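Trainee: Take a look at the letters that make up each chain.
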Amino acid sequence: MKEPIITFTDFSFQYFEQSEPTLHHIDLTIRRGEKILIAGPSGSGKSTLGNCINGLIPFAHKGKITGSLNVDGIETKKSSLFELSMKVGTVLQDSDGQFIGLSVGEDIAFALENDLVPQKEMKERVKRISAIVGMSDQIGQNPHNLSGGQKQRVSLAGVMVDDVDILLFDEPLANLDPKTGKVAIELIDDIAKEDKTVIIIEHRLEDVLHRPVDRIILMNDGKIVADGTPDEVLASGILRDYGIREPLYLTAARYAGSEITADLHPASLETFDVSGIRHDLQKWYDDHYNRVPQPQKKEMLKIEDISFSYSGVKPTLNHISAVIHEGEMVSIVGKNGAGKTTLSSVICGFIKPDDGKITMYGEDLSPYSISERAEYVGIVMQNPNQMISKTMIYDEVALGLTIRNLPEEEVRQKVYDVLKICGLYEFRSWPISALSFGQKKRVTIASILVLNPKVLILDEPTAGQDYHHYSEIMEFLKKLNENGQTIILITHDMHLMLEYTERAIVISDAEKLADQKAFEVLCDPVLTEKANLKETSLFELAQKAGIEDPLGFVECFIHYDREVRAHEN
Amino acid sequence: MKIRTFSYDQLDTFVHRLSGLSKLVCFLLLTTAIMLTYDIRIILAIMVLSYIMMMISKIRYSQIKVMLIYVFAFLAFNFILTYVFAPEYGVKIYGTRHQLFSFGGPYTVTLEQLFYQVTKFSKYLSVIPLGIIFILTTNPSEFASALNGVGISYKICTSLSLTLRYFPDVADDYNSISLAQQARGLEMSKKAKMMDRLKRIAGILIPLIMTTMDRIDIISNAMDLRGFGKHKKRTWYAKKPLKRNDYISMAVCLAVLIISLYIRFAVNHSIYYNPFQ
Chain A
19 MKEPIITFTD
29 FSFQYFEQSE
39 PTLHHIDLTI
49 RRGEKILIAG
59 PSGSGKSTLG
69 NCINGLIPFA
79 HKGKITGSLN
89 VDGIETKKSS
99 LFELSMKVGT
109 VLQDSDGQFI
119 GLSVGEDIAF
129 ALENDLVPQK
139 EMKERVKRIS
149 AIVGMSDQIG
159 QNPHNLSGGQ
169 KQRVSLAGVM
179 VDDVDILLFD
189 EPLANLDPKT
199 GKVAIELIDD
209 IAKEDKTVII
219 IEHRLEDVLH
229 RPVDRIILMN
239 DGKIVADGTP
249 DEVLASGILR
259 DYGIREPLYL
269 TAARYAGSEI
279 TADLHPASLE
289 TFDVSGIRHD
299 LQKWYDDHYN
309 RVPQPQKKEM
319 LKIEDISFSY
329 SGVKPTLNHI
339 SAVIHEGEMV
349 SIVGKNGAGK
359 TTLSSVICGF
369 IKPDDGKITM
379 YGEDLSPYSI
389 SERAEYVGIV
399 MQNPNQMISK
409 TMIYDEVALG
419 LTIRNLPEEE
429 VRQKVYDVLK
439 ICGLYEFRSW
449 PISALSFGQK
459 KRVTIASILV
469 LNPKVLILDE
479 PTAGQDYHHY
489 SEIMEFLKKL
499 NENGQTIILI
509 THDMHLMLEY
519 TERAIVISDA
529 EKLADQKAFE
539 VLCDPVLTEK
549 ANLKETSLFE
559 LAQKAGIEDP
569 LGFVECFIHY
579 DREVRAHEN
Chain B
20 MKIRTFSYDQ
30 LDTFVHRLSG
40 LSKLVCFLLL
50 TTAIMLTYDI
60 RIILAIMVLS
70 YIMMMISKIR
80 YSQIKVMLIY
90 VFAFLAFNFI
100 LTYVFAPEYG
110 VKIYGTRHQL
120 FSFGGPYTVT
130 LEQLFYQVTK
140 FSKYLSVIPL
150 GIIFILTTNP
160 SEFASALNGV
170 GISYKICTSL
180 SLTLRYFPDV
190 ADDYNSISLA
200 QQARGLEMSK
210 KAKMMDRLKR
220 IAGILIPLIM
230 TTMDRIDIIS
240 NAMDLRGFGK
250 HKKRTWYAKK
260 PLKRNDYISM
270 AVCLAVLIIS
280 LYIRFAVNHS
290 IYYNPFQ
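In order, the protein sequences belong to chains A and B.
Counting in my numbering, the first sequence runs from 19 upward without gaps.
Counting in my numbering, the second sequence runs from 20 upward without gaps.
Isolated chain A, as found in the complex (with noise of 0.2 Å):
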C-alpha cells in the first residue's frame, strides 16, 4: 500500500456564517495515486470536503476548523492557498465561469504567469502541457468558443502545468451532455494513471463509474457514512437511502427481486455478472409487460417549415417541423449547439424565423409581440437568478399581472391560487433570497404560469440539481401536466427525458433527426451518436440477460418505475 497523501483526523468545519458545523468529525485517509469518488446529496459537505482539501477553505472562504487534515506533510490551517496551489489543482464545476485568459495558451498559462515563470519558458510549458490534453492546435483560440468537451480539457490543462499531484474535480459532469461526460470521465482516468491522486465530487454516479475508481466516500449531513469499494457500496443498497441515484441498471435487478452481492462486480455493467440474476429478469419482464395503447390527443402548437440562420450562411434550424399535442409532455433534446434553444426562442418569438411559421390551433403566431405571445406560450430560464427582479415571492409571481393593469382583488386570486399549485402558498410573504434553488424554480415556474399560457417551456428545468431536488422539481412538472398543462423540456438528461416524457424530439446540427418514444431514442445507438446521447444502460442490460426484446423491457421498466414513483412521493 502507497503512503497517504492526505490525512484528515478528527476534522471539523463550521462557516463563520453558519450556526452548525458543516463537516463534523471526519476521519478519511486517501492514498498517493488513488482514484476517488465522493458522492452526497446537495448539502452532504461534499463541495466543502473538496474546498477544504484545495484550501479556498479556510483561505477564501472562512470559518472555524478543529481537528487536522495533512496534505502532501502540510497542515492545511497553517499554510496558504498558494501553498496548497502548487500542490492540489482543482476544476471547478462551471468551465466556463472559470477562463481568465482571452486564448487558450493565455488560460493556460494563469498559474505560470503568477509565479514569474519568464515568458519564453511559460510558452513552452503551455505547448507540451497542451499537447498532453490533445489541444495543441487550439492555443490561439478563444476558449469560449470551444466545444464543452474542449473547455474541459483546457481547465485541466490549466491545473496541471502546475505539476500537481492531487487533482480535484468539483462536480465535473454538471453542465455536460451525456457523451461530452464520458469522454470527460475518459480523459480524467487516463490523466489518473500519470500517477496522479484523483478526487471527483460528483453525484452523476453510473456516469463517472464509466471508468473504475478505487473507492467510494458516501457523504450526508457534513459526515462520511460509506467508505468502501463500488462493488461493497453499490451492492448494499445504501446509495438509495442517501438520496443518491443508482445506476439503472441496478434498480432494474432489484425491481425483479435479485439479491445483489459484491462478488456480482455490480460496480459497472461490463463487469456485472448477470448469469445469477437472468432468470428474475425475464420472469419480471413476463410477469409485468403490457402494452398501454396511448390517447390520441387533439394537435395544438404546430412548427411548421422552420428555418433560421444566425450568420445567414450556415443553418442553425433547417426546415424543422413538429406538432405538440394538447395536455402532451415532450422533451427536446440535442447536444449544445444544436439549435434545441433557437428553437424555443422561435417559438416564443425572441428571434424570427427566415421561413415557416409556428401556429397554435391554426391561429398564427408570427403578429405577436414577444410580450403578446405571453398568453399562448410562457418561458422558464434555465438560471432562475435571470428572471427574478422582485424581492418578495408574491410581487415576482404578481409581476406579470400587475403591467397588465388587472384589479388588484383579481391579481391577488390569481397569484394565491398558483402559489398554492405550486406549494408555495405558506411562503408568499417571504423574501426570496430565503429560499432553496429548487424553491426559487418554483417561483419562477409560478410567475410564468400566473400568466396562464397553453404551452409551458423549460430550459434545463434541473441542471445541476441531485437526485433529490430533480425528483422534486419533476414531480411538481408531472402534477402541473397531469392537471393538463402542455410541457416542452429542453434538456440533455437522459433520466429526465426517459422517465418523464413518453416523446422525444431529437435535433442535431439544424435538422431533426427523429420524433418518437423517448426510450426508443435511448435504445438506438446511431441516434444517441448524433444527438450526444448515450444508449441507456437498461437496454444493455436486457441484451446482456439475453432478452428476446430489449426495447420491451425498458419500456415496462419505464412504466413500472412511474408507479414506484408514484407511490413514493
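Simulated from the structure, these hints should not be mistaken for lab results.
Worth double-checking, as some hints may not be accurate.
Calculated cross-link-like contacts (lysine-lysine; reagent style BS3-like; alpha-carbon spacing at most 25 Å) [claimed, not checked]:
| # | chain 1 | residue 1 | chain 2 | residue 2 |
| --- | --- | --- | --- | --- |
| 1 | B | Lys174 | A | Lys138 |
| 2 | B | Lys249 | A | Lys141 |
| 3 | A | Lys95 | B | Lys249 |
| 4 | A | Lys96 | A | Lys82 |
| 5 | A | Lys552 | A | Lys200 |
| 6 | B | Lys249 | A | Lys96 |
| 7 | A | Lys552 | A | Lys197 |
| 8 | B | Lys259 | A | Lys138 |
| 9 | A | Lys552 | A | Lys562 |
| 10 | B | Lys258 | A | Lys141 |
| 11 | A | Lys138 | B | Lys258 |
| 12 | A | Lys548 | A | Lys332 |
| 13 | A | Lys316 | A | Lys535 |
Label pairs and their computed distance ranges (CB to CB) [said to hold, decoys possible]:
| # | chain 1 | residue 1 | chain 2 | residue 2 | range |
| --- | --- | --- | --- | --- | --- |
| 14 | B | Ile175 | A | Pro22 | 37 to 45 Å |
| 15 | B | Ile225 | A | Ser98 | 35 to 43 Å |
| 16 | A | Asp291 | B | Asp233 | 41 to 49 Å |
| 17 | A | Ser329 | B | Pro294 | 47 to 55 Å |
| 18 | B | Lys262 | A | Thr84 | 57 to 65 Å |
| 19 | B | Thr231 | A | Glu288 | 44 to 52 Å |
| 20 | B | Leu224 | A | Thr84 | 37 to 45 Å |
Every value quoted in this text rests on a predicted model; they were computed, and no experiment measured them.
Ideal Cβ positions, reconstructed from N, Cα and C, are used throughout, including at glycine.
The hints should help you fit chain B onto chain A, whose structure is shown.
Mentor: Quick look at chain B alone, frame taken from chain A:
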C-alpha cells in the same frame, strides 16, 4: 442578435500589431498635445492622423455606431451650453469683434465665438477616435500587461482587463434577461410608451446584478486557486516585446507633442492661435 459593441476584435493590421504599451503611450502623448493647445491647425492635423489610423485598423461603423450617437448628442449639448453661458468668450480671448448677426439681448454671434467653439468641438472630435482605436485594437490581456509595464499594480490591471473582457458576456446576459421579462408580458418593443420602456429596463438591473455577482464569485475562486496574488509581481503570457514600428510610432507621437508645444511657446506665445490679428 448579440450586442458586440465595444469589444476587442482580433485582426492583423499595422495598428493591431503594435504593442499595447506603445499604443497607450501614443494615446497619452497625442491626448496631451490636444489638451495643451487651442491651435486649430494642430488639432486638425491630429484629427486627420487619427482618422487615417481608424481606417488602417479596419474599424467598422457598425461597431461604434451606438457610441457615436451618444458622443454627438453630448457634443451638441456641450456646444449649445458653451454659447448660452459665455457668448462673448471668443471676443475676450481674441480681442477683436466681428459680429455676424444677433439673437437679441446679449446673444450676438461673432466670428471669434464661432471660431473658438469650432476649435473646442474639433478637440473632442480628434480625441475620441484615438480612444476608440485604442480600445478596439488592443487585446485586454495585452493592455493589462502594458499598464503593468508603466508601473500600475497588476491587480488593478487584471481587474480592468477582466472588466473589458466580461463586458460582452454581461451584454448577452442583459439580452436574455430582457427577453425573459418580455416573455412575461413586459412590453419593450415599440408598442410600449417610452417611459414604460425605460422603467422596465430598470427592472432588468436586479437579475443582471445577481448573475454578474455569480460570475464574479466563480472567477475569483478560480483565480485564487491558481495562485493569483502570490507575488508582488507577475509575468505576462500575452505581453508583446517592443519592435521597430513601436519605437517609430512613439517617436512620431512625441514629435507631434513637441511641435505643438513649440508652436504654443515660440510661435503663438499663447495657448490660442489668433487668426484675427
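Trainee: Each of the hints needs a verdict: does it hold here or not?
Mentor: How the hints compare with the structure:
no.	hint	result
1	B:Lys174 - A:Lys138	holds, 23 Å
2	B:Lys249 - A:Lys141	holds, 20 Å
3	A:Lys95 - B:Lys249	holds, 17 Å
4	A:Lys96 - A:Lys82	holds, 13 Å
5	A:Lys552 - A:Lys200	holds, 8 Å
6	B:Lys249 - A:Lys96	holds, 16 Å
7	A:Lys552 - A:Lys197	holds, 6 Å
8	B:Lys259 - A:Lys138	holds, 12 Å
9	A:Lys552 - A:Lys562	holds, 17 Å
10	B:Lys258 - A:Lys141	holds, 12 Å
11	A:Lys138 - B:Lys258	holds, 11 Å
12	A:Lys548 - A:Lys332	holds, 19 Å
13	A:Lys316 - A:Lys535	holds, 18 Å
14	B:Ile175 - A:Pro22: 37 to 45 Å	holds, 42 Å
15	B:Ile225 - A:Ser98: 35 to 43 Å	holds, 37 Å
16	A:Asp291 - B:Asp233: 41 to 49 Å	holds, 46 Å
17	A:Ser329 - B:Pro294: 47 to 55 Å	holds, 53 Å
18	B:Lys262 - A:Thr84: 57 to 65 Å	holds, 58 Å
19	B:Thr231 - A:Glu288: 44 to 52 Å	holds, 45 Å
20	B:Leu224 - A:Thr84: 37 to 45 Å	holds, 43 Å
When each numbered hint is compared with the structure, no violation occurs for any of them.
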